[in-house]
Amino acid sequence: MSETARGLRLATPRRSGAALFIGFLLGLAGGPAAAERLVLSVSQHDVRITSNFAGAELVLFGVAEGTTPGPYDVAITVRGPHETAVTWRKSQVLGLWINTESRTFVDTPSYLAVATNRPVDAIAAPEILRREQIGLARNILIQKVGPDFADVVPEEPFRAAFLRIKGAEGLYGEQPQGVLFLSDTAFRATFQVPGRARTGRYEVAAKLFRDGTMLAEAHTAFTIEKAGFEAQIAGFAENSGFFYGLAVACGALAVGFVANLMFRRD
Amino acid sequence: MTIYLPIAELPVAMFALFALGAAVGFVSGMFGVGGGFLMTPLLIFIGVPPAVAVASVSTHMAASSFSGALSYFRKGMVDISLSGVLLTGGLAGTVAGVAVFTLLRALGQVDLVIGISYVTLLSTLGLLMLSESLRAIARTRAGQPPLVRRPGTRAWFLRMPLKVRFRRSRIYVSLIPVVGLGFIIGFLGALLGIGGGFLLVPALIYMLRVPTQTAIGTSLVLTLVTMSMATVLQATVNGTVDAVLALILMVGGTMGAQFGARAGQGMKAEHLRLLLGLLVLGVGLRVGYDLVRTPGDIYAVTVQEQRATQHQPEGRP
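Going down the list, the sequences are from chains U and P.
Under my numbering, the first residue of the first sequence is numbered 1, with each subsequent residue one higher.
Under my numbering, the first residue of the second sequence is numbered 1001, with each subsequent residue one higher.
Honestly, the hints are just simulated from the structure, not real lab data.
The model shown is predicted, which means the values in this text are computed figures rather than measured ones.
A few of these clues could be false.
Said to hold, decoys possible - Derived CB-CB ranges, DEER-like:
#, chain 1, residue 1, chain 2, residue 2, range
1, U, 160, P, 1294, 17 to 25 Å
2, U, 154, P, 1300, 19 to 27 Å
3, U, 243, P, 1176, 36 to 44 Å
4, U, 154, P, 1016, 46 to 54 Å
5, P, 1015, U, 257, 18 to 26 Å
C-beta atoms are modelled at their ideal positions from N, C-alpha and C, and glycine is treated no differently.
Excised from the complex, chain U in its bound form:
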């Protein structure tokens, strides 16, 4: 892993150089190989949020190398920065719809995308998929139940609602045909990150299967961070909140003053 990681960093993982890059990976695949290995690279390690940011598209390239290149299955999971979320359920009390029940999902990914080359259920046996957390239904989402923490059955309504709402926001998603094999061993997958995605580190995990057996796995990551003017504003607000507030308040008064002068009628 460390050797390939070093090799990957030398290559320029840009989308335009994709063909060249795949060639490089294929060359790497010809090396000594005892068992299957998986090499991964993401098109952009550093997604920068500027003032016209409205989401990003990330392309992931990978190559499986092994003694018997055969029909492989690949499952890729991207997990965004973790956060704690509460799912509320309303019910009718005295004619009003009120939040009455809630489940707290502790330390769950703010972004979760799964891509596979064919429907997840066809790749491996349910217990393997569950162990490897492949697919939204099998990703462990820990709930706080009283003083304890537990994951619950996939059909649990709060969990289902959580997945549905996050899915509608474009933050959770599954692509059953999202991994495209370019040759017997090289593959590509595309992930959409919406504009409202959290900033931070996004972990990518890819798992290689053949005939229902997991052969190898590989990890990489990318970060989403604010850049330029956006980063300056956010940094100022975060590091010196009082002076930021003072500056914004003074700015507001200046705008009010200018507006008053501009539209003065007397």
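Here the structure of chain U is known, so what remains is to put chain P in place on it, guided by the hints.
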């Protein structure tokens, strides 16, 4: 054309936001109210996190109230001592409001309490304004002269001890109801994310018998001070003030307010009050309808905390 809001952390359509600011500004200029009770719900509706919406609207209101207050100040229609007394109550009310808000958020019932408060407050106020203005219009239609202020009819709360003369407002009243009024405005402002102008102006006019123009000018000064303070406080404590969002809103809002003020000047006072009454009642009923109707989705997700620390990917030692 979208622009990324650095604190709210989402992209928005810039001109839509500008138009929103201008439309709310038009309404606030026309009726002499802050417009926070319209702006905050609309921002939440387009996806801005509620905490960021409340904080950034207060910045916007600081700008628009300063613009308005300057005009009234120049015309000598601001009662500085009255706004000072209101402010002392207002500060205490703000602290109490923030404390209650924090408590309710822990219980998960902020939405419900805000909803019910909006409905009660706006419907009551809207109905009062509506009936008052309709009676005024009916009197004018019947050819009767408008009611003048009668110095003899003084409510009991104005005759309480600690009486003070406010020269600009031409009133001589007890300090207790004035401080109490300030407290209620500050409390509701912090709890509901509204400037309170649409509450304070009628209260000053009908309860304390302050002349209409002075009531508006004084209310603007109070809004200016509380909203500037709210901006600094929110930025320091919660870090929820979005400068880009506030700037777009205030540029749209201050321009809209000027046109609104011009539109308002061409209308009779009782007609303006009728329209404002209808608007306030409408918003109240709309919020009430949301509480009663069967929601499209009975589930909702709120993010509780944000952890910047990076996590260990699963499957690794």
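Against the structure, the hints:
no.: 1; hint: 160(U) to 1294(P): 17 to 25 Å; verdict: 19 Å, holds
no.: 2; hint: 154(U) to 1300(P): 19 to 27 Å; verdict: 20 Å, holds
no.: 3; hint: 243(U) to 1176(P): 36 to 44 Å; verdict: 38 Å, holds
no.: 4; hint: 154(U) to 1016(P): 46 to 54 Å; verdict: 39 Å, violated
no.: 5; hint: 1015(P) to 257(U): 18 to 26 Å; verdict: 25 Å, holds
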